Amino acid sequence: MSNGRSFLIWILLLGLMVFLYDMIQSGSMGGESASKLDFSDFMQSIDDGQVKDVSMQGNYIEGHLASGAAFNTYAPSNYFGLVDALRAKGTRIEVLPLETKMNSFLGILFSWFPLLLLAGVWFYFMRQMQGGGSKGFGFSRSKAKLMSDKNNKVTFKDVAGIDEAKEDLIEIVEFLKEPSKFQAIGGKIPKGCLLIGAPGTGKTLLAKAIAGEANVPFFSISGSDFVEMFVGVGASRVRDMFEQGKKSAPCIIFIDEIDAVGRNRGIGLGGGNDEREQTLNQLLVEMDGFEENEGIIIVAATNRPDVLDPALLRPGRFDRQITVPMPDAKGREEILRVHLAKIKYAPDVNADVIARGTPGFSGADLANLANEAALLAARRGYKLVTNNELEEAKDKVMMGSERKSLKMSDEEKKLTAYHEGGHALVAFYEHASDPIHKATIIPRGRALGMVMRLPKGDQFSITREKLKADLAVAMGGRVAEELIFGYEKVTSGASSDIQQATKMARAMVGEWGMSDAIGPIFHGSEKKDLYLGGGGSRAEIHSDKTADLIDHEVKDLVESAYKKAQATLKKHLDQLHKLASSLLEYETLTGDEITDILNGKLIRVVENNQQSHSTSVPSSEGAPEKKEPKAKKEKKEKSE
Numbered sequence: 007m008s009n010g011r012s013f014l015i016w017i018l019l020l021g022l023m024v025f026l027y028d029m030i031q032s033g034s035m036g037g038e039s040a041s042k043l044d045f046s047d048f049m050q051s052i053d054d055g056q057v058k059d060v061s062m063q064g065n066y067i068e069g070h071l072a073s074g075a076a077f078n079t080y081a082p083s084n085y086f087g088l089v090d091a092l093r094a095k096g097t098r099i100e101v102l103p104l105e106t107k108m109n110s111f112l113g114i115l116f117s118w119f120p121l122l123l124l125a126g127v128w129f130y131f132m133r134q135m136q137g138g139g140s141k142g143f144g145f146s147r148s149k150a151k152l153m154s155d156k157n158n159k160v161t162f163k164d165v166a167g168i169d170e171a172k173e174d175l176i177e178i179v180e181f182l183k184e185p186s187k188f189q190a191i192g193g194k195i196p197k198g199c200l201l202i203g204a205p206g207t208g209k210t211l212l213a214k215a216i217a218g219e220a221n222v223p224f225f226s227i228s229g230s231d232f233v234e235m236f237v238g239v240g241a242s243r244v245r246d247m248f249e250q251g252k253k254s255a256p257c258i259i260f261i262d263e264i265d266a267v268g269r270n271r272g273i274g275l276g277g278g279n280d281e282r283e284q285t286l287n288q289l290l291v292e293m294d295g296f297e298e299n300e301g302i303i304i305v306a307a308t309n310r311p312d313v314l315d316p317a318l319l320r321p322g323r324f325d326r327q328i329t330v331p332m333p334d335a336k337g338r339e340e341i342l343r344v345h346l347a348k349i350k351y352a353p354d355v356n357a358d359v360i361a362r363g364t365p366g367f368s369g370a371d372l373a374n375l376a377n378e379a380a381l382l383a384a385r386r387g388y389k390l391v392t393n394n395e396l397e398e399a400k401d402k403v404m405m406g407s408e409r410k411s412l413k414m415s416d417e418e419k420k421l422t423a424y425h426e427g428g429h430a431l432v433a434f435y436e437h438a439s440d441p442i443h444k445a446t447i448i449p450r451g452r453a454l455g456m457v458m459r460l461p462k463g464d465q466f467s468i469t470r471e472k473l474k475a476d477l478a479v480a481m482g483g484r485v486a487e488e489l490i491f492g493y494e495k496v497t498s499g500a501s502s503d504i505q506q507a508t509k510m511a512r513a514m515v516g517e518w519g520m521s522d523a524i525g526p527i528f529h530g531s532e533k534k535d536l537y538l539g540g541g542g543s544r545a546e547i548h549s550d551k552t553a554d555l556i557d558h559e560v561k562d563l564v565e566s567a568y569k570k571a572q573a574t575l576k577k578h579l580d581q582l583h584k585l586a587s588s589l590l591e592y593e594t595l596t597g598d599e600i601t602d603i604l605n606g607k608l609i610r611v612v613e614n615n616q617q618s619h620s621t622s623v624p625s626s627e628g629a630p631e632k633k634e635p636k637a638k639k640e641k642k643e644k645s646e
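Residue numbers for the sequence shown follow this note's numbering, so the first one is 7 and each next one is one higher.
These aren't lab readings, by the way, just hints derived from the structure by calculation.
Note that the structure is a prediction, hence the values are computed from the model and not measured.
One or more hints might be untrue.
Derived lysine-lysine pairs resembling DSSO-like cross-links, with alpha carbons at most 27 Å apart [stated by the list, open to error]:
(1) LYS350 with LYS336
(2) LYS472 with LYS413
(3) LYS419 with LYS214
(4) LYS187 with LYS163
(5) LYS163 with LYS183
(6) LYS495 with LYS462
(7) LYS577 with LYS495
(8) LYS172 with LYS336
(9) LYS214 with LYS163
Taking CB as the label site, the calculated pair distances span [stated by the list, open to error]:
(10) LYS163 with LEU124: 53 to 61 Å
(11) LYS42 with LYS95: 41 to 49 Å
(12) PRO441 with LYS495: 30 to 38 Å
(13) LYS462 with GLY193: 38 to 46 Å
(14) LYS584 with GLU417: 18 to 26 Å
(15) LEU124 with LYS95: 53 to 61 Å
(16) LYS584 with ASP550: 44 to 52 Å
(17) GLU170 with ASN605: 27 to 35 Å
(18) SER549 with THR497: 32 to 40 Å
(19) HIS558 with GLU180: 56 to 64 Å
(20) ARG310 with GLY530: 50 to 58 Å
(21) GLY530 with LYS495: 54 to 62 Å
(22) LYS462 with GLU249: 32 to 40 Å
(23) LYS163 with THR497: 15 to 23 Å
Where is the CB? At the ideal position from N, CA and C, for every residue including glycine.
Between the sequences and the hints, there should be enough to build the whole structure, so can you do that?
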C-alpha cells in the first residue's frame, strides 16, 4: 500500500512540473499582459501606422503598438495581404513555427506518456519482486487472519448437540493450556485435526469455539485463499502462513473448506491443476516433512472428505478425523435452547416438541428457525415468541411460506380437506405409524395441505411393520379422494405421496431385503458405478429378469397398502366426514384435537361459545392467539 502511494506521488509531481513549465513558458511567450484586439481594429491600426512590431505564429498574432501597449489577435487563414500591409508601414515582423519549444516538449511528453507509464509500472513490479517473489504485489503473502478475543466471543458453551466432537477438541485446547499433563507420559498432541460433516452442522462454529477457549494465537483462512491463477503463489502463501505460525507458536491454524486445495492430485483435464497441486504439495511438506513445525496445530473443515488426497489424510498430518454429525432429537433440543436463549420467548414454548418435529435439521437450520420465529412475532407486534410462532416458522423452513395469495375454490378446499383427512385417519388406526402432530389445509410451498406425524424419538432402524403402515398412510389421501368424489374425480394432488410410497417400496425390495421373492440380496434402486480392480468398468447390478421381478414386488407392496387404506377408510367413513368438516372449519388441527374428534369428544369451547383448538399464552406480554372458525375469521377480516 505504501509503495502504491509513493508511485502515485511521483506521478503527481511529474504533472506539477509540466504545469509549472507550461506557466513559465506561457509567461516568457506572452511577456507583459496583452489585450485582445479585434482584427478589424488591428487592420485600422496598421493603416494608421500604429503597429510597432508583430510576432506571427500561424493564425495567432501578438505584438506592440506605437504606444508600447501589448496586444494579440487572430487573422483569417490565407490572408496574404497582411504581410504586405505591415511591410508598407515599416512594421518589424517575426514569424514563428507552428510548434514552439513548449509545445514541442508537451507533444513529446504526451506522445511518450503511455510508454513511460508502462515502463514505470514494470519498474514498480520489478522492485516489488526483487526479494525472490516474496513481495509480488502481496500475492504470495498469506491471507490468514489472526483472531483475537475482541472479535470472537464464541466458546464451547455456545456449541450443543455434538458432544463427541466437542470432547476431542476440548482435549486439544487442554494440551495447549497444560502440555506437561500429556507430555509426562509421552503423549503427543495431534498435528492435524480434520472436521468432517454436512453443511450447517457446526464445523466452523467449533473452530470459533477453539479460538475462544484457547489462550493461544488462532489463524483462520479459507482453502480457496491459497489458489490463484499464477503458479507458485499458493505454495508461497502456505510457506508464509507457516512462517507466521512459527513466530506465534504454540498456535492453531484453521483452514475452512480444505477440499478447495486438498483434492486428489492428477485428476482432471490434462492431469490436474498445476497451481493447486503445487499448493497441496507444499502443505503436505509443511505439515509433516523434514523440518518439524512444533507447536502448530492444523484444524481443517470439509464436507467432501471423499475428494481429499490420501496423503493429506494419513497419520502424521491429519492424525484425528472428527465426524460432526447431524444432531439427534436430544441434540436438536439443546441447540434450539442455545438459540432460544438469545431471544425473548413465552413459557409455553416446548423445545422438545419442536426438536422432535425437525428430523434432519442441522444446527444452522435450527438457528434459522428460531430467527424466523422471532421475526414473525415482531411482525405481529408481540413482545414474546410463542409456541405458535415456532410452529409456523418450522412449517415455513420445511415447506415454504404460507401462500395467502392462492385463491382456492370451495370444491378444491373440500377435496384437500378430505385428502388430508384420509392421511390422518389411516395414520390414527395404523398403530405402527408415528403419532399425528397436526393436520392443516393451509397451502405452503408446493403443497396444498399437510399431515405431520411426530416420532417419539430418533429412529435409527425401521421395522417392516412400520414401513407397511407408512405405505398405507401415504395412500390414504388418494383413497379418500376416490371414495368421496368418485374414480373420475381423482386429482394429481397425490403425486408426492405416490412418489414417496414407490421409493419406500423399492428400498424395501432392493436394499433392505424385505421381499420373499427377491430375498436378502442387494439390488440398488439406482445404478451405481462399481469399479472392479481399479479399471473403472461398470458392472450391471442385476439382470432384466430380476428388474422385472423387483418391479412386480414393488407394485404388490404399494397395491397392498392401497387396499389396506381403502378398508380402513370404508370402515370409518363417518369419521372421515367429521375430520374433513373440522379441517374446513378450523384449517389446522393438532394431534390431540384429531384424537378427540375421532373418539367422539367435542373440541374445547372458549369464549362466545365458539370452538377453538388453540392454546393461549400464559403471559401478559405474550400473544394469546385464539383461532376461530374460518367463517367468523373471514367476517372479522372483512369488517376490519
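How the hints compare with the structure:
1. LYS350 with LYS336: holds, 22 Å
2. LYS472 with LYS413: Given that 27 Å is the threshold and the Cα spacing comes to 37 Å, the pair is violated.
3. LYS419 with LYS214: violated, 50 Å
4. LYS187 with LYS163: Distance ~24 Å between LYS187 and LYS163 Cα, so the pair holds.
5. LYS163 with LYS183: Holds - the C-alpha atoms of LYS183 and LYS163 are around 18 Å apart, at most 27 Å.
6. LYS495 with LYS462: violated, 37 Å
7. LYS577 with LYS495: Judged against 27 Å, a Cα distance of about 21 Å means the pair holds.
8. LYS172 with LYS336: holds, 16 Å
9. LYS214 with LYS163: Between LYS214 and LYS163 the Cα gap is close to 12 Å, so the pair holds against 27 Å.
10. LYS163 with LEU124: 53 to 61 Å: Check passed, 58 Å falls within 53 to 61 Å.
11. LYS42 with LYS95: 41 to 49 Å: Given about 22 Å between the Cβ atoms, the range is violated.
12. PRO441 with LYS495: 30 to 38 Å: Since PRO441 and LYS495 have Cβ atoms about 31 Å apart, the given range 30 to 38 Å holds.
13. LYS462 with GLY193: 38 to 46 Å: Given a distance of about 43 Å, which is inside 38 to 46 Å, the answer is holds.
14. LYS584 with GLU417: 18 to 26 Å: Hint holds: Cβ distance 20 Å, inside 18 to 26 Å.
15. LEU124 with LYS95: 53 to 61 Å: holds, 54 Å
16. LYS584 with ASP550: 44 to 52 Å: holds, 49 Å
17. GLU170 with ASN605: 27 to 35 Å: With Cβ atoms ~44 Å apart, the hint is violated.
18. SER549 with THR497: 32 to 40 Å: holds, 38 Å
19. HIS558 with GLU180: 56 to 64 Å: holds, 60 Å
20. ARG310 with GLY530: 50 to 58 Å: About 22 Å separates the Cβ atoms of ARG310 and GLY530, which means 50 to 58 Å is violated.
21. GLY530 with LYS495: 54 to 62 Å: With a Cβ separation near 38 Å, GLY530 and LYS495 fall outside 54 to 62 Å, so the hint is violated.
22. LYS462 with GLU249: 32 to 40 Å: violated, 56 Å
23. LYS163 with THR497: 15 to 23 Å: violated, 52 Å
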